[in-house]
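Using the sequences plus the hints, can you model the full thing?
Read top to bottom, the protein sequences are chains A and B. For the first sequence, the residue numbers in this note's numbering are 241 to 654. For the second sequence, the residue numbers in this note's numbering are 241 to 654.
Please keep in mind that the hints were generated in silico from the structure rather than gathered at the bench. If you're wondering where the values come from, they're calculated on a predicted model, not measured in any experiment. Watch out, some of these pointers could steer you wrong.
Chain copies aren't distinguished; within one or between two, either way the pair holds.
As the list claims (entries may be wrong) - No farther apart than 27 Å at their CA atoms in a straight line, the calculated lysine-lysine pairs in the DSSO-like style are these:
(1) Lys609 - Lys305
(2) Lys375 - Lys332
(3) Lys634 - Lys256
(4) Lys618 - Lys653
(5) Lys569 - Lys618
(6) Lys634 - Lys653
(7) Lys563 - Lys520
(8) Lys585 - Lys246
(9) Lys332 - Lys256
(10) Lys585 - Lys372
(11) Lys576 - Lys618
(12) Lys634 - Lys569
(13) Lys520 - Lys246
(14) Lys375 - Lys420
(15) Lys609 - Lys375
(16) Lys634 - Lys465
(17) Lys256 - Lys375
(18) Lys305 - Lys332
(19) Lys372 - Lys653
(20) Lys305 - Lys653
(21) Lys653 - Lys585
(22) Lys609 - Lys372
(23) Lys465 - Lys563
(24) Lys420 - Lys618
(25) Lys256 - Lys520
(26) Lys520 - Lys609
Number of protein chains: 2
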Amino acid sequence: MVEHRKPIPVSEAVQKVIDQAHLLETETVPLEQSYNRILAEPIVAGHPVPPFDRSPYDGFAIISKHSSGASGDNRIRFDIVDHIGAGAVSEKTLSGNQAVRIMTGAPLPENADAVVMFEQTVESDGFFTIRKPFKPLENVSLQGEDVEQGETVIESGNLIHPGIVALLATFGYATVRVAKHPVVGILSTGTELLDVSEPLVPGKIRNSNGPMIAAQLARMGIPCKTYGLSVDNLDESFDIVKRAAEETDCLITTGGVSVGDFDFLPAIYERLGANVLFNKVAMRPGSVTTVAVADGKYLFGLSGNPSACFTGFELFVRPALLKMMGAEKLYLPHTKAILFEDFDKANPFTRFIRAVYDGHNVKPAGFNKSNAVASIAKGNSLIVLPGGTRGFKKGDTVDVLLLGVEEGSAAWKL
Amino acid sequence: MVEHRKPIPVSEAVQKVIDQAHLLETETVPLEQSYNRILAEPIVAGHPVPPFDRSPYDGFAIISKHSSGASGDNRIRFDIVDHIGAGAVSEKTLSGNQAVRIMTGAPLPENADAVVMFEQTVESDGFFTIRKPFKPLENVSLQGEDVEQGETVIESGNLIHPGIVALLATFGYATVRVAKHPVVGILSTGTELLDVSEPLVPGKIRNSNGPMIAAQLARMGIPCKTYGLSVDNLDESFDIVKRAAEETDCLITTGGVSVGDFDFLPAIYERLGANVLFNKVAMRPGSVTTVAVADGKYLFGLSGNPSACFTGFELFVRPALLKMMGAEKLYLPHTKAILFEDFDKANPFTRFIRAVYDGHNVKPAGFNKSNAVASIAKGNSLIVLPGGTRGFKKGDTVDVLLLGVEEGSAAWKL
Numbered sequence: 241m242v243e244h245r246k247p248i249p250v251s252e253a254v255q256k257v258i259d260q261a262h263l264l265e266t267e268t269v270p271l272e273q274s275y276n277r278i279l280a281e282p283i284v285a286g287h288p289v290p291p292f293d294r295s296p297y298d299g300f301a302i303i304s305k306h307s308s309g310a311s312g313d314n315r316i317r318f319d320i321v322d323h324i325g326a327g328a329v330s331e332k333t334l335s336g337n338q339a340v341r342i343m344t345g346a347p348l349p350e351n352a353d354a355v356v357m358f359e360q361t362v363e364s365d366g367f368f369t370i371r372k373p374f375k376p377l378e379n380v381s382l383q384g385e386d387v388e389q390g391e392t393v394i395e396s397g398n399l400i401h402p403g404i405v406a407l408l409a410t411f412g413y414a415t416v417r418v419a420k421h422p423v424v425g426i427l428s429t430g431t432e433l434l435d436v437s438e439p440l441v442p443g444k445i446r447n448s449n450g451p452m453i454a455a456q457l458a459r460m461g462i463p464c465k466t467y468g469l470s471v472d473n474l475d476e477s478f479d480i481v482k483r484a485a486e487e488t489d490c491l492i493t494t495g496g497v498s499v500g501d502f503d504f505l506p507a508i509y510e511r512l513g514a515n516v517l518f519n520k521v522a523m524r525p526g527s528v529t530t531v532a533v534a535d536g537k538y539l540f541g542l543s544g545n546p547s548a549c550f551t552g553f554e555l556f557v558r559p560a561l562l563k564m565m566g567a568e569k570l571y572l573p574h575t576k577a578i579l580f581e582d583f584d585k586a587n588p589f590t591r592f593i594r595a596v597y598d599g600h601n602v603k604p605a606g607f608n609k610s611n612a613v614a615s616i617a618k619g620n621s622l623i624v625l626p627g628g629t630r631g632f633k634k635g636d637t638v639d640v641l642l643l644g645v646e647e648g649s650a651a652w653k654l
Numbered sequence: 241m242v243e244h245r246k247p248i249p250v251s252e253a254v255q256k257v258i259d260q261a262h263l264l265e266t267e268t269v270p271l272e273q274s275y276n277r278i279l280a281e282p283i284v285a286g287h288p289v290p291p292f293d294r295s296p297y298d299g300f301a302i303i304s305k306h307s308s309g310a311s312g313d314n315r316i317r318f319d320i321v322d323h324i325g326a327g328a329v330s331e332k333t334l335s336g337n338q339a340v341r342i343m344t345g346a347p348l349p350e351n352a353d354a355v356v357m358f359e360q361t362v363e364s365d366g367f368f369t370i371r372k373p374f375k376p377l378e379n380v381s382l383q384g385e386d387v388e389q390g391e392t393v394i395e396s397g398n399l400i401h402p403g404i405v406a407l408l409a410t411f412g413y414a415t416v417r418v419a420k421h422p423v424v425g426i427l428s429t430g431t432e433l434l435d436v437s438e439p440l441v442p443g444k445i446r447n448s449n450g451p452m453i454a455a456q457l458a459r460m461g462i463p464c465k466t467y468g469l470s471v472d473n474l475d476e477s478f479d480i481v482k483r484a485a486e487e488t489d490c491l492i493t494t495g496g497v498s499v500g501d502f503d504f505l506p507a508i509y510e511r512l513g514a515n516v517l518f519n520k521v522a523m524r525p526g527s528v529t530t531v532a533v534a535d536g537k538y539l540f541g542l543s544g545n546p547s548a549c550f551t552g553f554e555l556f557v558r559p560a561l562l563k564m565m566g567a568e569k570l571y572l573p574h575t576k577a578i579l580f581e582d583f584d585k586a587n588p589f590t591r592f593i594r595a596v597y598d599g600h601n602v603k604p605a606g607f608n609k610s611n612a613v614a615s616i617a618k619g620n621s622l623i624v625l626p627g628g629t630r631g632f633k634k635g636d637t638v639d640v641l642l643l644g645v646e647e648g649s650a651a652w653k654l
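Encoded structure:
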């Protein structure tokens, strides 16, 4: 009567999914639109940073050897022959006890090899004295000390965050090559679903999974096409799924993947001739999560239960989309934390619990059932409890996956 | 000769800044545009979740007391009188050993108080038998078990992330009230600055701070107005700053805040009649960070050194903007981590080091000077070493602030 499915471990399921990713094309975007995109070219230093020897302080550029022997009893005098700010280049070439008054960021004049800070001098009209000797290159930012010319500073496949934008700007990348976004579709299935704007009626609930997934995509900077709501009717649903799969790189459906009488996704995958990678994962929630591939397109069949749907997206959809964009860091960041309250349930399968992590402790975010929604809203992380374990106690160290972090981890650590 | 400024502790500086925030107005946005906005109304449950007693499994709804005494030797029979999926409501009222075939998410029929899962039955044509008794409410998702009607599930001031979008959708928030974005301007000062698209010339560097700050704002979902580049000329700069301050809620300048001969921001603040909150912070990099307020508008004078500028934004600008939007979680998330390499420098002031954090260990991201840019590109966090300490050793536990995390911490933990 009941179809028996063989559950596979989460790590194996994740690997099966990302193995199917095909690399998307790239495009060029203006630097100011590049935040949160995946870099599709390495950032190569077109020049050294700093591009010239420069002063890191406001002060006086001198020739260090002429400060030799300076002391409190033997103050040495330098004559000020020029005065430049950052952005200016002194036309003077220093000799002997000459100095140039120089501001932070300005290039050292010819022959200068040290900078005396203002507070290290006693200044008078046109000259100053110092009471200590300066070493060659003292208080100098050397050309190339931060980045050498020709160095690959950041590899392709990294997410462009503000620090990378700064680097791109430094090297004159007014435009930058990034991965195109995948075209992602969302179809929420289930006769029980109402649109968010509809009033509640007996037996029905509003569709929360569709908007939630759209927001999970928005967090990644990825737009989506919405295919609305589909009732539990095989032929109608097949037509929508077929069209959506044609129009997208990745179709995410919610609901209809279990073994109920109106769960039509398995039949639709079969009719599409899709390659079903798995239809049961040894995890709670979301054991019915099904992933298939048809004509190179991903078909993610997430559970209709909100917590299961949410977790399925973060564990499977997110790394797949990142892999398609050539990203190097596919996985949610992992850490360890101290469980802040007992969790008594046994864990026949790997359990993912919506949780609140504060940088040290972690505790379940609330009601923990696959159909719960409040705990998704309250959580910022997932506690991961291995399958085959009994309950955990307050004070135990547990694995935690962090949500809502810009860039993830290159390794799956569970 | 040199102006002496009194440094104030970082925590005091942060507090001084956020104390000046005035609350922005609110606006209503469609749910699908609400990601990353700050919620300006509490989310109140307009109905219980689940909205009705429902089945969490595919199976049969029964009256539990009629299963009393069932065992392997005494299988009890139930007759199937109806068949419903999620979204349907059975018109049957159960009595005696009647059962309704019911799918996950469907409401329990009248009088039913337990659900038998398919795998707990032997099914025949029109009936099934069970071998164990069921307790009242066994396998039932109770109305309101996740959220009770009227409950405030999420307070105003939280960031809208995907889990909150799911909750908003559940309760029919087709639109949601959020804080308006502050109007933020960016002005990069310094005669040495070239635009990103200009070729390098002697003594000059490209403006990396402006695009970087725009990306730091983009990460928060906040657009900005760019006031371009300003050379180190007092009158010209004054005019631009004055106009920009009039047109924005918050003007961020880079450069010009130190005590150099061409650092005109202090004079501009004075001419504007601005209230300078501080002009020296006991931190490295970024000790010259200056924050002023004029006519209720923030004037952030960040250092022109990229690392100092970056850090100044994250420590001061970010919480101020969040506070203006009524956010509850203003600060970068904090954790502790194991230092993965020696850091030998002394720390006269609190030191913020761009770093790579992997969930357990943390190490400096590279070259550590205030004018470095590569380490901003490589880092995902800031190591914080307290002022007044000597070097730290590999294996020491250190404070870490995490960058690029969607929602921060409600408390400043340093």
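Going down the list of hints, with the structure as the test:
For a Cα distance limit of 27 Å, the shortest separation of Lys609 from Lys305 across copies, 26 Å, qualifies, whereas the shortest one inside one copy, 75 Å, does not. Taking the shortest alpha-carbon separations for Lys375 and Lys332, only the intra-copy value of 21 Å comes in at or below 27 Å, while the best inter-copy value is 95 Å. In this assembly of identical chains, the alpha carbons of Lys634 and Lys256 never lie at most 27 Å apart, being 35 Å within a copy and 38 Å across copies at closest. Within a single copy, Lys618 and Lys653 get their C-alpha atoms as close as 25 Å, and across copies as close as 21 Å, so both meet the 27 Å cut-off.
Taking the closest pair of Cα atoms, Lys569 and Lys618 come within 27 Å of each other both inside a single copy (26 Å) and across two copies (13 Å). In the homo-oligomer, the alpha carbons of Lys634 and Lys653 lie at most 27 Å apart both inside one protomer (23 Å) and across protomers (23 Å), since each shortest distance falls under that limit. Taking the closest pair of Cα atoms, Lys563 and Lys520 come within 27 Å of each other only inside a single copy of the chain (22 Å); across copies the shortest separation is 45 Å, beyond that limit. In this assembly of identical chains, Lys585 and Lys246 lie within 27 Å of each other by CA distance solely inside one copy; the values are 23 Å within and 57 Å between copies.
Taking identical chains as interchangeable, the C-alpha atoms of Lys332 and Lys256 are never at most 27 Å apart, the minima being 66 Å within one chain and 45 Å between chains. Taking identical chains as interchangeable, the C-alpha atoms of Lys585 and Lys372 lie at most 27 Å apart only when they sit on different chains, with a minimum of 22 Å there against 71 Å within one chain. Proximity of Lys576 to Lys618 under the C-alpha cut-off of 27 Å is found in both arrangements, the shortest distances being 20 Å within a copy and 23 Å between copies. Proximity of Lys634 to Lys569 under the C-alpha cut-off of 27 Å is restricted to the inter-copy arrangement: shortest distance 26 Å between copies versus 32 Å within a copy.
Within a single copy, Lys520 and Lys246 get their C-alpha atoms as close as 6 Å, which meets the 27 Å cut-off; across copies the closest is 64 Å, which misses it. In this assembly of identical chains, Lys375 and Lys420 lie within 27 Å of each other by CA distance neither inside one copy nor across copies; the values are 52 Å within and 55 Å between. Proximity of Lys609 and Lys375 under a CA criterion of 27 Å is satisfied inter-copy only: 19 Å between copies versus 68 Å inside one chain copy. In this assembly of identical chains, Lys634 and Lys465 lie within 27 Å of each other by CA distance neither inside one copy nor across copies; the values are 43 Å within and 49 Å between.
In the homo-oligomer, the alpha carbons of Lys256 and Lys375 never lie at most 27 Å apart, since the shortest distance is 60 Å inside one protomer and 41 Å across protomers. Taking the shortest alpha-carbon separations for Lys305 and Lys332, only the intra-copy value of 18 Å comes in at or below 27 Å, while the best inter-copy value is 101 Å. Taking the shortest Cα distances, Lys372 and Lys653 never come within 27 Å of each other, neither inside one copy (55 Å) nor across copies (42 Å). When the C-alpha separation of Lys305 and Lys653 is checked against a cutoff of 27 Å, the pair qualifies neither within a copy, at 56 Å, nor between copies, at 48 Å.
Taking the closest pair of Cα atoms, Lys653 and Lys585 come within 27 Å of each other only inside a single copy of the chain (23 Å); across copies the shortest separation is 33 Å, beyond that limit. Taking the closest pair of Cα atoms, Lys609 and Lys372 come within 27 Å of each other only across two copies (24 Å); inside a single copy the shortest separation is 72 Å, beyond that limit. In this assembly of identical chains, Lys465 and Lys563 lie within 27 Å of each other by CA distance solely inside one copy; the values are 20 Å within and 34 Å between copies. In the homo-oligomer, the alpha carbons of Lys420 and Lys618 lie at most 27 Å apart only across protomers (23 Å), although the nearest pairing inside one protomer, at 32 Å, exceeds that limit.
In this homomeric assembly, Lys256 and Lys520 come within 27 Å of each other (Cα to Cα) only inside a single copy, at 13 Å, whereas the closest approach across copies is 54 Å. In this assembly of identical chains, the alpha carbons of Lys520 and Lys609 lie at most 27 Å apart only when taken from the same copy (18 Å versus 52 Å across copies).
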